[in-house]
Amino acid sequence: MINKQVSSTADAVRDVFDGAKVMVGGFGEAGSPIELIHALIDQGAKNLTVISNNCGSGEVGLAALLKAGRVSKVICSFPRTANSTVFPDLYHSGKIELELVPQGTLAERIRAGGAGIPAFYTPAAVGTPLAEGKESREFDGKTYLMELGLKADFALIKGRAADTHGNVVYNKTARNFGPIMAMASEVAIVQAEEISEPGSIDPEVVVSPGIFVNRVVQVAGPVHESELVSAGATYP
Amino acid sequence: MSQQTEAIGRTREEMAQRLAMDIPNGSYVNLGIGIPELVARFVPEGRTLIYHTENGLLGMGPSPAEGEGDPELINAGKRYVTTNPGAAFFHHADSFAMIRGGHIDLCVLGAMQVSEAGDLANWSTGAPDAIPAVGGAMDLCAGVKSVYVITQHTTKQGEPKLVESCTYPLTGRGVITRVYTDLAVIEITPKGFQLLELSPGIDFEYVQQRTGAKLHPIPD
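As given, the protein sequences belong to chains A and B, one line each in that order. Take the first sequence: its letters are residues 1356 to 1591, numbered as in the working numbering. Take the second sequence: its letters are residues 6 to 225, numbered as in the working numbering.
So that you can see chain A by itself, here it is in the shape it has in the complex:
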């Protein structure tokens, strides 16, 4: 019998180790797995490399993980947020390393990592400062950059519903990086509002097939980052 459900967010992130690479889903607050991130703050792993499109807002969720000093490097397309000084402060004081990646290249690097493709060529960033030091090659007279696939030890992902086999469906634009991060991580951890028996999700609508998902944990009423930020919340 397969049952990937764990009983708590703490249990879900129990074995994240110091120095781990952790993919964190979300585009802004949409799809940001706040409860799993807070559990990771409580768990205490440090010297993490975080792969995520943004760096959080306010002082909750991803921004709180950074503020707690647990992250030594981020691989990210847009670390700046109007309402957070956490990343800029760490960056200016030299406490965090940034690998800036164009958003589509970041997505494809993650997809490739999960699909067993070590590298690929993309036209994005050719002729820009982000091309520096990268191998390039011409195909049909056009220049492309070689980019490497990305893998991680863990992924923290927010879904809407899952079954105990790890099949996941998402909610609207909160899907964003979730499905590809599940593919690219050794241990993909999904928080979902509902967790049900196998067979309860129509196979035609499954977005992340369970083969990509290792643990599911129920978070029935997930908080919205923007509500926490406007309430001035901090974590812990």
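Be a bit skeptical, because a hint or two may be false.
Claimed, not checked - BS3-like mimics (lysine-lysine), calculated; alpha carbons at most 30 Å apart, straight line:
| # | chain 1 | residue 1 | chain 2 | residue 2 |
| --- | --- | --- | --- | --- |
| 1 | B | LYS196 | A | LYS1497 |
| 2 | A | LYS1489 | B | LYS150 |
| 3 | B | LYS219 | A | LYS1497 |
FYI, nobody ran anything at the bench for these hints, they're computed from the structure. As the structure is a prediction and not an experimental result, all values here were calculated from the model.
Based on the hints, put chain B in the right spot on chain A.
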């Protein structure tokens, strides 16, 4: 004579409206953040455009009523949006496959500088203390069939944004085909900036003086 500043050229809304006139019916369109977002308000009667937002939605509709926003239904500028009938959600790798794979017909972006060779700079001033952040602009430039810029003709300080070559870090090289400003509509051609149309009440010399490269007049 009074020295009051007159409003000259097109407003932001008028610029957006002018650009919207040039988008063919049925186009798949990605709009950048800022003035580009206004374009969606001015689609001419009888045309249907499908809006793509790179965070995973085709068929993006207008902003919801105040207080009815869904934090999990947002656009690339992280603002609340809605879905139009026929909308679809998808993950980020598929979204950028649409962009990079040439499936999006048109992208409209803002700019810090555009060069006469069609180079775009719109993500960083290159200042040493700036926090670098690039988002999806480089992928959009490199992959979308046509990339238009909509921007004020000069900076707030009056510096030209249309230049011989960009001094800010590039977003893409030779990627822009057309520029819509408060003063003019300009095509980027192999010989440089080709004026297509002057805004009402604006003459050629006025635009040339505010352009940092040679502007080719409309042929007689």
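Which hint numbers does the structure go against, in order from smallest to largest? Every hint satisfied by this model.
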